[in-house]
Structure formats: C-alpha cells, structure tokens
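Student: This is what each chain is made of:
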Amino acid sequence: MAKFALGSEPVVGSLTQTKKREYKVTNRLQEGKRPLYAVVFNFIDSRYFDVFATVGGNRVTIYHCLEGGVIALLQCYIDEDKDESFYTVSWACNTDGTPFVVAGGINGIIRVIDAGSEKIHRSFVGHGDSINEIRTQPLKPSLVVSASKDESVRLWNVHTGICILIFAGAGGHRNEVLSVDFHPSDIYRIASCGMDNTVKIWSMKDLPSKFPTKYVQFPVFIASIHSNYVDCNRWLGDFILSKSVDNEIVLWEPKMKEQSPGEGSVDILQKYPVPECDIWFIKFSCDFHYISAAIGNREGKIFVWELQSSPPLLTARLSHPQSKSPIRQTAMSFDGSTILSCCEDGTVWRWDAITTSQA
Amino acid sequence: MRSQETSQTVKDVLWVIDSLKKQVVADRCVSIQKRIEENRQKMVGVTKLLCKLSMERTTSTASDVNRNLDLLTKRQIDAIHMHNGVNASNGDRESYSSQEDNHASTAVLLGSTVAARNAVRPIKITEIKRLPPYTTWIFLDRNQRMTEDQSVVGRRRIYYDRSGGEALICSDSEEEAIEEEEEKRDFVESEDYILCMTIKEVGLSELVLESLAQCFSRNPCQVKARYEVLRNEDKAVGGTKEEDIGENSKDGSYFLDKDKDLDAALDSFDNLFCRRCLVFDCRLHGCSQDLVFPADKQPPWTPPNVENIPCGPHCYRSVLMPEKFAKVSTSSHGDVEEKCSDGAGVQISSRKESSGPSTRRLVQFTQSESASSNAKNISESSDSENDPEQDTTSASHSSPLKTKPVAKGRIGKRNSKRVAERVLVCMQKRQKKMVASDSDSIMSGGLCSGDKSSSSKENEDSTSLHKDIKSLTIGRSRRKDLLIQNNLNTVLGESVDHLSNEMLTDQPGPSSDANLRKADSVDDNVYKQEFSDNKSWKAIEKGLLEKGVEIFGRNSCLIARNLLDGLKTCWEVFQYINCDGGKMSYPTGDAANSLVEGYPKGNNEVRRRSRFLRRRGKVRRLKYTWKSAAYHSIRKRITERKDQPCRQYNPCGCQMACGKQCSCLLNGTCCEKYCGCPKSCKNRFRGCHCAKSQCRSRQCPCFAADRECDPDVCRNCWVSSGDGTLGIPGQRGDNYECRNMKLLLKQQQRVLLGRSDVSGWGAFLKNSVGKHEYLGEYTGELISHREADKRGKIYDRENSSFLFNLNDQFVLDAYRKGDKLKFANHSPDPNCYAKVIMVAGDHRVGIFAKERIGAGEELFYDYRYEPDRAPAWARKPEASGSKKEDGAPSTGRAKKLA
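First to last, the sequence lines map onto chains X and W.
With the numbering used here applied, the first sequence covers 52 to 410.
With the numbering used here applied, the second sequence covers 5 to 902.
Watch out, some of these pointers could steer you wrong.
To be verified - A few chain W positions that, by computed beta-carbon distances, are all more than 10 Å from chain X:
hint, residue
1, 33
2, 129
3, 134
4, 137
5, 209
6, 239
7, 318
To be verified - The list that follows gives simulated cross-link-like pairs (lysine-lysine, PhoX-like), each with its CA atoms no further than 25 Å apart:
hint, chain 1, residue 1, chain 2, residue 2
8, W, 25, X, 256
9, X, 306, W, 46
10, W, 46, X, 191
11, W, 38, X, 306
12, X, 308, W, 46
13, X, 322, W, 677
14, W, 677, W, 797
15, W, 25, X, 322
16, W, 839, X, 70
17, X, 191, W, 38
In short, the hints are calculated from the structure, not lab data.
We put the beta carbon where it would ideally sit given N, CA and C, even for glycine.
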C-alpha cells in the first residue's frame, strides 16, 4: 500500500466501540444448501420497505420482515436451468409502479421478474459472461445497470427492454467488473470497479433512449486506490466508498479535472477497518439515508459503521456462535434497525436493534 | 558551552517541526470533518427527495382504485393477517395449495409464536439458452496501435483459478523490481508549509535542513532545492497571477489568436495529422510520427475549369470590373483594347500588353520576367555542367528542383526551419556545424548554383541528422540562389527582351494567368487606396496565404475560400499577392516584386515539360521485370517467407535517392510512396503494369510480393467507381480492372456471427464465393511482441487466444478490439486461409477462401500455431497423440501465424 504524504493521511476509524447500538439475532432461516450471494431491501416503493429479496443457486426468494423478528415468505422463483447460479438481485419498478425484481448470475442473462403478477417480465440476453452486480437508478427506477465478467457495464431499461449503453472498450475495465453503482443525485454518473483493481467513473452526456445501443469507451475518471480486486463500491454523496480484500472500506473523493477527462487525483478521506475481510465478493450495504453501513466478514461477523462521522464510529459488532460461514452480503432496512445477512452456507440471519425503551 | 548550544537548537528545531506536523495533522482532520459534514448536508437533501419519490410511487398506485391489487401487496397483507392470527383462508390461497406439486416448498413464519404455515408455490422461470461466453469487444474496421495505458507489461496481474477458487498473482521477477523502485515524489502542500514555517521560525541552516529532510524522509539537498523554488515562487507570485489569466484567455481561442505564427499551428498539424491515412489523430500510426517531407513537390493545384465567374461578392474579378471602367476614362488606348480582348483572346492581349508601351509597369514586368527565366536557364546550364551524373540519372528530378518557383523556395525554407527546430531540441551541439555549412552554401552559391553546393554536401553528410541540417541548407541556399538570380536580372534584363516575348507567345497560359497579368497592369494607385487595409495582415494570415500559394498557385479565389474564409476576402488576398506580399517577402525592390509574378508562368511551362520527361523516363524504368534489383529484398521475403516474418515498414526521410544509410534499406524493406526519397529511388517498389492478368496471379509483381496494388504506384491498376455514369478513368489498362486492391477498397464479403457448430461462436458467410475470393480483414490492436508474450500468458490460461503474428515488430490482438472474423474457428482442414498483405505501407491480414464456399457456411482457417505452442485442440491428431503433456502449460504462447 502506498505511503501517505504528510497532510493527506486518511482518518482511520477505531475498532473500539464508542457509540453503541445493540442488535440481537431475532430469526435465522435456512434456504437451501447452495450459497446465498445477495440480499436486498426494497427502497424503491415505500409500500415494500420491509420486503426483501435473496438469491442463491437458481432461486430468487422474496420475504417480508414482520414485527417480532418474524419473516414471512412471499414469493419464490426458480430458474428451470439447474446450472444457473444467481449472484445478484435488485429491486426496480415499471413506469406504472409495478414492482420488479431484477436478478442475474452465472448464465449472463438478466431476469426481470414482475412481482406484481408473479410472471417473468423480460429476460435480457447480451452479456457475454456472468453478471456480478445489478443496481437500480433511484431517481428513475426503470433503469438498471449491470456489471459483468465480460468486462462491460450495461445500462438497461426494464420497461422497454432496451440495452441503452455499454460501458466498455478502449478505456474500459481490463478484467471482470464486480460492482457498479448509480450516483444518488447525478443521473448521468455511475461508478464501477472490478478485478483490474481500479474504480472507474463513467458519465453519459445525454441518455439515448433508442436502439441501437451505444458504447461509452472512456470513463471520466480512473482511480487506482486498491492493489487487489475491488469488489464493492457505493457513492456516498459525491464521495465513493469502495473495498478491496484489505480488511477495510475506504472513503475517498474523486478530484476530476473538467478540462481533461480521465485525469485527476484521489483524496482518501477515511478508512473503516473490517477485520477478517480478506476474501473477494463480500459486499456492504447502507441504510436508506446512508447513515451507517453494515458489512459481514469471512467468519460470519458483522461490523456496523457510522459512515458520516469523522472520525468514523463503530456502532456495532455482531457475532453469534452459530454464524461461522462467510457473509456475502448484508442488507440494512430503511432506518437501519434491521440488518439481514446472507451466508455461504445458505442461511439468512435477521438482527434487530434493541430499542432503549425495551432495554 | 558550544555543544550545549547546538543541542539546544536541535531540540528547538525538532520541537518546531513536531508542533507544525501536529498542526498539519489536526488541520487535515478538521478539513476532512468539514468536507464530510458538507457532503452529509447534501446527502440529506438527496435522500429526502428519494424518500419522497418512493412515497409518491406508493400513493400513485394506491390511489388507482380500479386496478387489481398486485400480488406482492396481496401476499404481504396475507402474511400480516396470518401473523396476527387472523385466519386467512382465502379462496385464492386454497386454490394454490390444491395445485401444490412436488416443487412446492413450504415456509413457516420463523420465530413466530404462532407456527402458522405459509405455503408458497415456486414460480418457474422458463429456461433461456445462454450465449457462448465472450468478452465485450469493440468493432474495428482497421487496425489500431495499442495505447500506452493498455499495456500489461510491468503490471501485476491477479487471476483466480476457477477450479481452485484461489487467486494467483502472476508477475515476473524483473517487473517486481520495477514496482519496487521509489518514484520521485513531489512536495505536497503541507510539506511546503512545514518547510517554510520552520525556516521562518528558526532560520536556515544545515541543521534545520537535515531535520526537515528526516521529517519528510528525503535528502537535505532536495529540501534545500525546494526551499529555493518556493522562495522564488513567492517573489514572482504577483506577476505570475496576471500572466496566468492572460494565458488562459489565450488558450480558449487558440485559432482565433491571429498573432500566433502559422508555424505554431502547423506544429500541431505535423504532430497530429497522419500523412499516410490522411486523418487527424490516426490510431494506426499514432501521433508525433517522424516528419517526412517528400523530395518531389506537387505542382500547385489548378482547378479543372477556371471561368471568369466571380467567386463571391468580394471576388477580385467583380472588384476589378468597375475599376477598369474607371480607368478607361483616363488611360491610353492600349488599355481599352486590352479590356475588349479580355474575354476571348487572352494570349493576344498579353502580347499586346507587352509590346505596347502603355504603362511603365508592363515593361518592367516583362523584362524582369524574362530575366528570371533567363537566370533559370543559366543556373540550369551551370548545373548540368557541374553535375552531369545527376542530370542523367534523374532528369525528371533535377529539372523541377532547379526551376523552383519562389513559393517553393519558401516552402523549403519553412520545412527546413521546422526540421531545424527539431534538431535544435535534440542536439544543440550540431547547430554550430549547421551554421558553418550554411555559410558554406552561401559561398558556393555565389560561385555557382545552390543546388550544386547542397548536393555536393550530401556526399559529405552521412547520418540522418546531417541530412536534416542539409535540408536546411538547401532551403537557405535556395534563397541565396534567388538573390543571385535577382542580381542577374538587373544585369541581363535588357538583353533578353526579345527572348521573353517569344516565350510569352509560346505559352498557352490558362485564362486565370491572363487575368493575373492583366490585373497586375492595373495602376499602382488602385492598391494604394487600400493600403490601410493591407496593414492588418496578421502573421497567421500571411502564413496561411503562403501555404495557399503553395497549394493553389496564385488563385486568390481558392485561397480566400479555403484558407482565409472569414478572415480575408478574395479581393484582399488578390491585392496582397500582387502588391504587398511580394514586397514584404522580398524586399529587393521592384524587380523582385515582378519576379514573383513572373515565376508561376515560366514554371508552369518548364514543369509541363519536365512532367512529360518524367513519364517517358518512367516507361523506360517499367521495362524492368520484378527480377531486377529493386525487388531484391521482396523476393527474398517470398522465398523465405515461411521462416521469417515480414518486416515492418517505416518511411525513410532521405531527401535524395536512397544511399546505403537509408533506413528502409537497412531495415530490409522497400521504399514506399510515403518515403521522403524521390520517385527515382532505386529502393522503391515500383508496382506492376499488369493489364489482362488483372493482378490475380504471381505474374504480377505486387501479388507475388504479397502486396496489394496501389493506384498511386502501379501503372494500370484501377477499378471503376459507382455505376459508371461518371465515367471510368481513361487510358489505363484497356478496361481490365485490378483485382488486387480488395483490402484497400474494403471489398469484403458479409460475414455473420453465430453459434458455431463446433464450439462457442463462429463466423459464417452470407453469400457464396469462389476460390481465392477475399472475405474480410482480421483486425485488431497492434501490440509489440513483448506485450503479446505477456498477454498471451493470460489468454492461454483462459484457453482462448486472438493473437496473430503480423510482422517482426507487431502482433495483432483481437481480444478487445477486432471484427467478426476473429470468431472464425480453427480447423486442421479449413475452407479459408489467412495471408499477411502489404497494403499502402501497412501489413494487414486478409482472410481468403481456400475453396468454393456456399452461402451460410461456417468459416474455418488453420491458425498455424507453432507446433510446440499449440493448445491441445489445435494440434493435428497425430501430433497430440505423440505429445502427452496436454495439460501442462506451454512454454511460449499460442499465436496464430499466417
């Protein structure tokens, strides 16, 4: 890791808990034998803030978090291809508000499931290899973006079924793309990262809506912050949170030069240490307001960081004697009071915050 | 006492540094805090908006009463009801339960005190056949050179083993060393701050510097140097700020900045414009190519039909008309006559002009013109006397050189100036020599002609650098030559009056010429009226005008329209050319002025003759067969092609016929049309003169040398364009089209991409073709062999390689950039073959049909991997049988061979 020059060191969070928030396991369910790779709450539609989806193997499952730690199974979808292994899932919605579940995996086919009518809405064929992450544009939830092993990031419209843009080519990723995220307020900006150790920020000047698909070959910014696979990145306002396999999440600011795209510098602001988090494909999640982030590790523990305080504060360290399997992804509910984790051994854990009045 | 004092200061210094350091760190924390807080404020607004949006979605759908409740909401409500113990025995639910099949799974409300069963039938998603895997690739219709940032050399690559699931770090030991190397760090702001504050506080001394160096982990010299820099910056801060603003405003309007010299503009042109592809920012040959100025200059372009139609409202023709009428009233009879003959009898009028003593200028004009042509004759004769061998070998070459028009002399000067600039940058030492040789040429120029001196100099100069200098001296000496000619003019002017008149009548000058001459005869006071305007000619405009004269001759209409659009009108250009331009560039007086005007005409004539000569000379040359010396290196390649890859061609910058030092010759390639050497160069590939055979067999020297024909080089090669309504090029090859230009013209077959019958993707042919038909080009990124070795390691791991050996310098990589033919599969018994072909100086890979191929058939060709490097699937059955180490990685990489 590069040494920091004097006066540009990041603020590193301490692992000693200063501001405590108690969570306890309220439920645990075994979905199957196959590993679960993704779990996500629906933040698109306030009706479904308590509804979440998980994927693993050839299954997409939708649950509802009820009071008292109860989890109700709502829907379950199974791909007829037994070899399919879904890696990622995201909530989206049609222009008329119908909730969609968008999932993708090893087959490289994006499945858009209409949860309102329990039917498959569309299947996007185009990616040349497995899909590692799908994210939804929060301002226009009919747009989704997918990151794939074929070194490309693609922007799709789930309503029309058109692949709008392909972010790949001369300046694109040189290896699998592992993660991608929409900028929260700038609809024309996305960030992607992958196995080529870089984080790339892409811009689309004006969004074409018609076929044929266009290519965006050059990102506006390329950051080499990590020296290994970068497997998760998220925007935090204009800053970016990203993680590699170095046992930490890094918060940094891209400083772009408007005149010369592609150039610029990186200012690493803060670091959030996560012990025993040195394998790839472990993703973190934030609550709706990006107040805190939760991330699991190789040993089944979860760390909850308060993101927007300086220095960063560790609010909770969750562990359970039976939770030993690597946690691939977590999901934080709207207000952060519920944390879900999905594990390599096919289990879903539910943690609920203990409110002070109860305690 | 003394030691105590020093220890005291050491402590002091360290204390100061330490406290400053702490302050910097604290400042940093505060600034991060501030920025995060700012960001948080922004985030609050954003999330509020998002929250509102998600609420709106709820209400908009909920308010739609008539709509059926969607199933997700329904299930949600059911679940809540069940949780609350309400019996949710719903008809719908029951029907589902009754339909339960083996696939159904049941889930309980886990953790609930009421162990209610909630049966959900899994919904099947119909299977869709997945695509064969591929990496996203960009279509290329022509090869591209790799950009530096795409290189994998010197970079650490991490792979993960699919089966083992572990990451492997692949890098060579030598490259590790590169990574270890400490790069030079710049001083950051905080370091500067500490540096300044410390010195301010405790003063400058060795001790302070040392402690500072320790603090920054640098050496004291660096720290001291930095301090100097900072102090200087501090002083200059006031001044630079103003300058910065000035510069910024300049940057914004680069081309509009008319004070800038054209040279500066041309510099970027030279760097960015590719002379081989005729595009800016060429991706194949890259920018900053070596500048090659051809020894043979193009004659000024003359438009096919010059009519007396004004080019616009400000055309000199339309301006001249009324003025002429005005003149009629005051001037003599001769002028009137001239005006009458204007439209038709151009030659007659000009003769009358010269014979009639109507105006002072006219006499002078003819005199000096004749003088100039005479001077030319003299120099010609002196040249042929002094330099007989050169004349005989390249008559076509030497004659235009000697009769260089003034404009051309200027070009030479300009070129050499730019060349000289480059030389200056790279090696200042040589400059002295250059000056010396320059003075040499002046001296020799005084004795005989400049050409002579420069050609004799060429014998002395051997290195390419010297050649650069030489070209400069040519330019200079040419100017000197001009001056000498001027002197001669004054001496010989009167005596050759008669001769010049003859020449004028002989010359079938186009009407534009006549116009120019006529306009010239217009009274001087016409120009004087506009003198104030002429003063406003900026450097760049002048530069552009010079270029324009070079390209279009003295056609002010074309110059104004093409080069000075929006800057100057045709009339202004015309005035400048005919009056000020001459005066300003050649301040030798009236004689020189008229000399400028006289030149194009005389030159036209001589050039016409020389062109004729050249053609004849060429015919003779074409009698050589491809067995002759010029093809030596090529023939070698044909016979030894199997063992030795082709050689990459780089144009040489030789200004004279290539000698032993020519870079092409040394490299073993032929000279091409992009070389600087004249067409007479012995190392040039001369093309073919096939007609009936249509260049389709090895009878054609181009075909035999694995080259495509080039209409610029070959004598009879052409193809018809369009439907023939625009006519076909006449008099070339008796209606036999050349069949050896398919890559150049992109006359390729439609190739389709589809699921292969063998494995993965495959390329298919849309329409049937005959044997040896060209199907398409295998395009890709041009990478070095070193880069290919590195990439090959990765590709071999993934068991797919799109590398293709092109020549001794480059390998084609179609992994991320290429065309559909990259998906054509390997077969030991293929229906296509690949061939590396030289097309206009570039090697390209063409895929050809080995046999008749029907429509819709899949295309295969033999990748021709080197036997020991071929992957198992590409080996011949018997070969793979004998070698058992299929699984072991090969030592080299698998690369396709032509």
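Student: Looking back at the hints listed earlier, which ones does the structure fail to meet?
Tutor: Result: hints 1, 2, 3, 4, 8, 13, 14, 16, 17 break, sorted rising.
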